[in-house]
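As a plain string of letters, each chain reads:
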Amino acid sequence: MTEPVAMQTDSNAISSWRAFIGTFKRDLLLVFRRRSDIVNPLLFFTIAVTLFPLGISPDAVFLAQIAAGVLWVAALLATLLSLDSLFQQDMADGSLEQLVISPHPLAVLVLSKVLVHWLVTGLPLTLLAPLLAVMMFLPDAGFGTLFISLLLGTPTLSLIGAIGAALTVGLRRTGVLMTLLILPLYIPVLIFGTGAVISASQGMAVTGHLAILGALFLVALVSAPLAAGAALKISLNG
Amino acid sequence: MAFDKFWAWFHRMGSPKWFYEISGRWIPWFATATIVLLTVGAVWSLAFAPQDYQQGNSFRIIYIHVPAAILAQSIFFSMALCGAIGLIWKMKVADMVAKSCAPIGASMTFIALFTGAVWGKPTWGAWWVWDARLTSMLILLFLYFGVIALQSAFDSKQSAARASAILSLVGVVNIPIIKYSVEWWNTLHQPATFKLTEKPAMPMEMWLPLLIMVIGFYCFFATVLMMRTRNEILEREKRTQWVQGLLSK
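In order, the protein sequence lines correspond to chains A and B.
For the numbering used here, add 2 to where a residue sits in the first sequence, where the first one is 1.
For the numbering used here, add 48 to where a residue sits in the second sequence, where the first one is 1.
Since the hints were derived computationally from the structure, they do not count as laboratory data.
Note that the Cβ used here is the ideal one computed from N, Cα and C, for glycine as well.
Possibly wrong hints are sitting among the right ones.
Said to hold, decoys possible - Per the computed footprint, the stretches of chain A lying under chain B, defined by three or more beta-carbons under 8 Å from a beta-carbon of chain B, are:
| no. | segment |
| --- | --- |
| 1 | 89–100 |
| 2 | 156–170 |
| 3 | 190–199 |
| 4 | 222–232 |
Stated by the list, open to error - Partial list, computed: chain A residues near chain B (C-beta under 7 Å):
| no. | residue |
| --- | --- |
| 5 | Ser104 |
| 6 | Pro126 |
| 7 | Leu183 |
| 8 | Leu187 |
| 9 | Ile236 |
In isolation and in its complexed conformation, chain A is listed as follows (with noise of 0.2 Å):
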């Protein structure tokens, strides 16, 4: 009698920590199938920084001045639209209900979705970042800062646009939506990403906004899962 009780237990006892490492493999596996959602912010990205010269001016001394906030602002934009990947295709195969069925907290898959996140859009922004600083002139002692900003910053983006994808996953035409959602939430990001390079291309001191945005990834690093997994629930709900 006591045998499949027990049997039931054994094959449910997959820890917290394996389904984080089972999600995550699952979902990078995913995305190196459908690399689009790689490309397309990082072309995004690229494209939008381009427009500024194309747009303003091309003097290399104003370039130099608007750089850090072209930059950042481009990067934001990328993760902005890059957030539709984060949990849409789940939703539409079901496997986004299998996720909030399974025992564990949501929280934590929703963690681990964000880092694959990060890790596909976030990172290779922060990579091609420099490459586009040099064609914006950027001086070059803010090019340290500007990798480091972006380093600390990008995971705060995709953290805090997991709630905003998690609010309209279920909805039709959610683009203009999560902007409207996530744009207010993601200014202090902006302030202080753009206010640490500034800061570094005129030799001042950077540490105090490169530990703010440090203390906001951190604030969204708790908090953000919890409400996006609340999000989900009732998204799914209808």
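Fit chain B to the supplied structure of chain A, relying on the hints for placement.
Relative to the frame of chain A, chain B by itself:
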């Protein structure tokens, strides 16, 4: 004992029918208070309060601007609070109150921004400056628009209420962060003019009408909020017997 009474009251508040009846009795009182306070406050502040020694008569915009700005922020907090109550206790009335808050709050934010622009022209010489407080009010307006847009995006009223409750809670966490980040980013606006905890920096004849206006604005908010919530209740409960009975009367 008092605690039990509070919980009984709290749970009764969750019944749309009860809320409809009690708010029907409250509205005349709040409406009267609104009319009296706003009339007294407006006449006193616009006609009798002394001129500012630097800004002359243009400073009188403060009597609309400051109450609207205070309301804009506290309405967001009430909206998030009602949203949290709706999420935790699954209380329908709280959802409806939260939904009714959003358009009122957005209008107050717009009034604060608009009067700020009108005031900025004679004082700073520009309609708009990228100052910290103006910017954070603008972002607050965007947050309100986000909540309103999310409300209308869902087909199911329940999901709409819960989703926007989450969004307003996320917004409340972010308001102080946004406020301080833009404050460090740029500051031109004068510091807060109105604090209850400190001795006012302006003379009594200027400060008292402002206090009356602020209380009047709060009464106005309460009146409009109850009216909107009552409409929402009628709309959603239109198939229930008591609403049918009310309509056939």
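To see whether the hints hold, each was checked on the structure:
no., hint, verdict
1, 89–100, "violated (count 0)"
2, 156–170, "holds (count 3)"
3, 190–199, "holds (count 4)"
4, 222–232, "holds (count 3)"
5, Ser104, "21 Å, violated"
6, Pro126, "27 Å, violated"
7, Leu183, "5 Å, holds"
8, Leu187, "5 Å, holds"
9, Ile236, "5 Å, holds"
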